[in-house]
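**Q** Residues per chain are reported as follows:
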Amino acid sequence: GESVGLHLPTLSVQEGDNSIINCAYSNSASDYFIWYKQESGKGPQFIIDIRSNMDKRQGQRVTVLLNKTVKHLSLQIAATQPGDSAVYFCAEGGSNDYKLSFGAGTTVTVRA
Amino acid sequence: GAVVSQHPSWVICKSGTSVKIECRSLDFQATTMFWYRQFPKQSLMLMATSNEGSKATYEQGVEKDKFLINHASLTLSTLTVTSAHPEDSSFYICSARDFTDTQYFGPGTRLTVL
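Going line by line, the protein sequences match chains C and Y. Counted from 1, the first sequence has number 86 at position 86 by this note's numbering; the numbering is strictly sequential. Counted from 1, the second sequence has number 70 at position 70 by this note's numbering; the numbering is strictly sequential.
In short, the hints are calculated from the structure, not lab data. Hints should not be assumed to be uniformly reliable.
[Claimed, not checked] In silico lysine-lysine, BS3-like type, Cα no more than 30 Å apart, as pairs: (1) LYS20/Y with LYS55/Y; (2) LYS99/C with LYS55/Y; (3) LYS66/Y with LYS55/Y; (4) LYS42/C with LYS41/Y; (5) LYS42/C with LYS14/Y; (6) LYS99/C with LYS64/Y; (7) LYS68/C with LYS64/Y; (8) LYS66/Y with LYS56/C; (9) LYS64/Y with LYS41/Y; (10) LYS55/Y with LYS68/C; (11) LYS64/Y with LYS14/Y; (12) LYS56/C with LYS42/C; (13) LYS99/C with LYS20/Y; (14) LYS66/Y with LYS68/C; (15) LYS56/C with LYS71/C; (16) LYS20/Y with LYS68/C; (17) LYS68/C with LYS56/C; (18) LYS55/Y with LYS42/C; (19) LYS68/C with LYS99/C; (20) LYS14/Y with LYS66/Y; (21) LYS14/Y with LYS41/Y; (22) LYS14/Y with LYS71/C; (23) LYS66/Y with LYS41/Y; (24) LYS99/C with LYS71/C; (25) LYS42/C with LYS66/Y.
[As the list claims (entries may be wrong)] Stretches of chain C that chain Y covers, calculated by requiring three or more beta carbons in the stretch to come under 8 Å of a beta carbon on chain Y: (26) 10-24; (27) 62-73; (28) 77-86.
All C-beta atoms in this analysis are idealised placements derived from N, C-alpha and C, irrespective of residue type, glycine included.
Kindly produce the complete structure, drawing on both the sequences and the hints.
**A** Take a look at the structure:
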């Protein structure tokens, strides 16, 4: 089946700077997109989601942008902190069965 | 936020034995739960969709007789790895869908088959 991919496998960020993590998806039928954070040895933690009828959604220190024209999703983290170091996955799904397809993941390392 | 638990968090077993992993939604009811598998430094791969009161739906390539799923109630789903072999060693993660359709994930179960 179609899968979600990420542009960069690793991202190194200076503490206090903003981070941008990108994701490309291929299934034009997907109408639900989520970002998860996974720390070593733990399960994925929900960060933020967005549905296809929106192009931007903001949470606490995070913003997700959706560009359906080019099938691109991004996660922006403001004022990156050491605790933000983790692997970030984007996932796409459909409202018909709610099954999620995960991208490869981007490892974010925050430098002090 | 919604909390999903898994038990056990890790298990070591001998080849040929069966292992049961529980997934519970602690503060919400989940009509649908999902089971994923994750190998080191790789992404999550969906194994099956578990619906309360009905048979699980397995993804292509996943052996339903090897990975038995039972969704006994709106808060509990179990995954049994039957006749486990070393190649079944992996990180198994469940998720539960709440009434807003958001999927919340459990902490995962590390299975090591000797």
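**Q** Hint compliance check: list the failing hint numbers for this structure, sorted ascending.
**A** Structure breaks hints 7, 8, 10, 14, 16, 22, 26, 27, 28.
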